[in-house]
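Asker: So you can see what is in the structure, the chains are spelled out below.
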Amino acid sequence: MKAVGALLLILNLNTATVKELETLPGVGPVLAKRIVEFRLKKGGYKRVEELLAIPGISERKWKAIREKVEVK
Amino acid sequence: MKPDAAIAVVRELRGHGHETYLVGGCVRDMVMGIEPADYDVATSALPEQIMKIFPRTEGIGAQFGVVLVIYQGHPFEVATFRSDEAYIDGRRPSRVVFTDAKQDVLRRDFTINGLLYDPIEKRVIDFVHGQEDIQAKLVRAIGDPRARFEEDKLRVLRAVRFGAKLGYTIEPATWEAVRAMASSIHQVSSERIRKELLRILTEGQAARGFHMLESSGLRAEILPEIEFTDHLQRCLAMLQPGIERDFAMGVLLHETPLSQVRDVVERLKFSRAEMHHIVALVENFPQFYKVRKMSISSLKRFFRLVRFENHLELARLHGVAAGEKLEEYGYACRKHQEWTEADIAPKPLISGEDLIALGFEPGPRFKEILTRVEDEQLEGQLVDHTQALHFVRRHYGDSKS
Numbered sequence: 001m002k003a004v005g006a007l008l009l010i011l012n013l014n015t016a017t018v019k020e021l022e023t024l025p026g027v028g029p030v031l032a033k034r035i036v037e038f039r040l041k042k043g044g045y046k047r048v049e050e051l052l053a054i055p056g057i058s059e060r061k062w063k064a065i066r067e068k069v070e071v072k
Numbered sequence: 001m002k003p004d005a006a007i008a009v010v011r012e013l014r015g016h017g018h019e020t021y022l023v024g025g026c027v028r029d030m031v032m033g034i035e036p037a038d039y040d041v042a043t044s045a046l047p048e049q050i051m052k053i054f055p056r057t058e059g060i061g062a063q064f065g066v067v068l069v070i071y072q073g074h075p076f077e078v079a080t081f082r083s084d085e086a087y088i089d090g091r092r093p094s095r096v097v098f099t100d101a102k103q104d105v106l107r108r109d110f111t112i113n114g115l116l117y118d119p120i121e122k123r124v125i126d127f128v129h130g131q132e133d134i135q136a137k138l139v140r141a142i143g144d145p146r147a148r149f150e151e152d153k154l155r156v157l158r159a160v161r162f163g164a165k166l167g168y169t170i171e172p173a174t175w176e177a178v179r180a181m182a183s184s185i186h187q188v189s190s191e192r193i194r195k196e197l198l199r200i201l202t203e204g205q206a207a208r209g210f211h212m213l214e215s216s217g218l219r220a221e222i223l224p225e226i227e228f229t230d231h232l233q234r235c236l237a238m239l240q241p242g243i244e245r246d247f248a249m250g251v252l253l254h255e256t257p258l259s260q261v262r263d264v265v266e267r268l269k270f271s272r273a274e275m276h277h278i279v280a281l282v283e284n285f286p287q288f289y290k291v292r293k294m295s296i297s298s299l300k301r302f303f304r305l306v307r308f309e310n311h312l313e314l315a316r317l318h319g320v321a322a323g324e325k326l327e328e329y330g331y332a333c334r335k336h337q338e339w340t341e342a343d344i345a346p347k348p349l350i351s352g353e354d355l356i357a358l359g360f361e362p363g364p365r366f367k368e369i370l371t372r373v374e375d376e377q378l379e380g381q382l383v384d385h386t387q388a389l390h391f392v393r394r395h396y397g398d399s400k401s
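The listed protein sequences derive, respectively, from chains A and S.
Going by our numbering, 9 is the number at position 9 of the first sequence; the sequence numbering is gapless.
Going by our numbering, 63 is the number at position 63 of the second sequence; the sequence numbering is gapless.
If you're looking for bench data, these hints aren't it; they were derived computationally from the structure.
A portion of the hints provided could be inaccurate.
[As the list claims (entries may be wrong)] Simulated crosslink set (EDC-like; lysine to aspartate or glutamate; CA at most 20 Å straight-line): (1) A:Lys19 with A:Glu67; (2) A:Lys46 with S:Glu244; (3) A:Lys46 with S:Glu191; (4) A:Lys46 with S:Asp40; (5) S:Lys195 with S:Asp144; (6) A:Lys19 with S:Glu151.
[As the list claims (entries may be wrong)] Some chain S residues near chain A, calculated using beta-carbon distances under 7 Å: (7) Asp40; (8) Ala237; (9) Met238.
Cβ atoms here follow ideal geometry from the backbone N, Cα and C, with glycine treated the same way.
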C-alpha cells in the first residue's frame, strides 16, 4: 500500500524541494537543482509545460514526468 | 526578464507573415517602467502554424488557441487572436472564434491588461484607453463590468489583486460591479479562489488587498471565518512580496479559532503539507506566551517544530502589530540561536534495545522511560550512554517491576 501511495504522489513544482524532485524519473541532482533555480529566477511556474525550457529535459524525459508534477 | 527572446519570437512569427504583438501584463509592466516577469504573445497565426514554425512547442489549450513556445531557453505563451462566444459555467467559453487583434483585446478583463505592443516598431496599440488608466492608476473593466464579470466570476477577485498590488484604485462602475457580484464568487472553484487569494497575500500590498476584499464584501464570502481587525491589517502590512504561501496563510488566520482554521484550509483545498503547516502555526502561536516558563526540555521540543523560523516570525509580526515589548519573542530568539541543532535534537543516549539488554520487557513503559531519559539529556543532566543506563537502573530499578 505504501508503495502505491508513493507512486501517486504528485509534486508541486512551486514548492517541491531538490530532494523531492530527484524522485522523478530521469531527474538527478543536477536537473533537480535546475528546476528549482528556474523557479526562483522566474518567480514560480505558471504551468508544468514550462519545464520544457530547462536544458536537459528532453521530450522523452518530459513524457515520463508530466503526469507526476503539477503547478499550484 | 529582458524582452530580447520575446522580441525574437515576435520577429519569427512576423517573418512568416503573421500579425504578432506582445500582449497583456507584460505590456502593462513595460508602460509602467517595470521589467516583466514573463511575456505573452498574441498572433494571427493558428495553433498548428505556430507549432510548425517553432521546433519546441507544447499545445496547452490548443482548443482555445494557446501554444507554449520554448525559445532561447524561455517559455512563452503564444495565443491566436480570438473572441470568445458565450461562456458556459461562468468560466469556459462555449466556443472560440479566431479573429483579429482588436476583438482579441476586447474580450480581456481590464483596460490596463488590454494593451498590445509592437516591439519592432516600438509602438503601443491601445484599443481600450489602457494607457490613460495606467496614468490615472485605475483598474477599469473593458466594456460593461457586469458582463465581464459574468463571463468569469474570478475577475472580481482579480480586480482587487491588481488594485492592491499596483496601488491602483478600482474605477467606480467596476467597483460597483465587484460589490454587486461578490456573492457570485462561489461559482468559481476553490482552487482558483485559493490561487488568487494567495497572490493577493504574497505579491505585496496584502493589507491594501484585504482592505478592498473587506469593503467589497468579498472577504465575507470567501473567508467568513476571519475577523478583519486593525490588528490583522497591521500584520498583513508587514508581509513582504515573495513570502511563503503557507506562512502568509498562518499570519492571516493566527487569531481565528483552530477548528475554523481547519475548515478554511480544507475548503480552499491546500495540500496536506501546507494544511499541516498552517494549522501548526496557528495552534502553536499561543505557546510563545509561555516560553519563559518552559523547562529547557519543553523549550527544545518546541523548537523542533517544522520550519520553526516561521513560528518565530509569526510571533514577531503579531507582537509588533500589537505594540508588545516582544520579551517572549526575544527570549525564544536568543535561545534558538544559542542552541545548535544537536542541542535541540541530540542523538538518543539509549534505545529500546538497551532497555531489553537491561532486562525490561518491551511495552508502553519503554516510551515513558525513553522520554524521561531524553528530558534529562535535554536538560543537560545526562550526557552519555553510561550515565543514562545508571539513571534507568536507579529510577526504574529492577527490570521486573
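Asker: Evaluate each hint against the coordinates.
Answerer: Hints, verified against the model:
{"no.": "1", "hint": "A:Lys19 with A:Glu67", "result": "holds (18 Å)"}
{"no.": "2", "hint": "A:Lys46 with S:Glu244", "result": "holds (16 Å)"}
{"no.": "3", "hint": "A:Lys46 with S:Glu191", "result": "holds (14 Å)"}
{"no.": "4", "hint": "A:Lys46 with S:Asp40", "result": "holds (12 Å)"}
{"no.": "5", "hint": "S:Lys195 with S:Asp144", "result": "violated (25 Å)"}
{"no.": "6", "hint": "A:Lys19 with S:Glu151", "result": "violated (42 Å)"}
{"no.": "7", "hint": "Asp40", "result": "violated (10 Å)"}
{"no.": "8", "hint": "Ala237", "result": "violated (22 Å)"}
{"no.": "9", "hint": "Met238", "result": "violated (20 Å)"}
Checked against the numbered hints given earlier, the structure breaks hints 5, 6, 7, 8 and 9 and satisfies all the rest.
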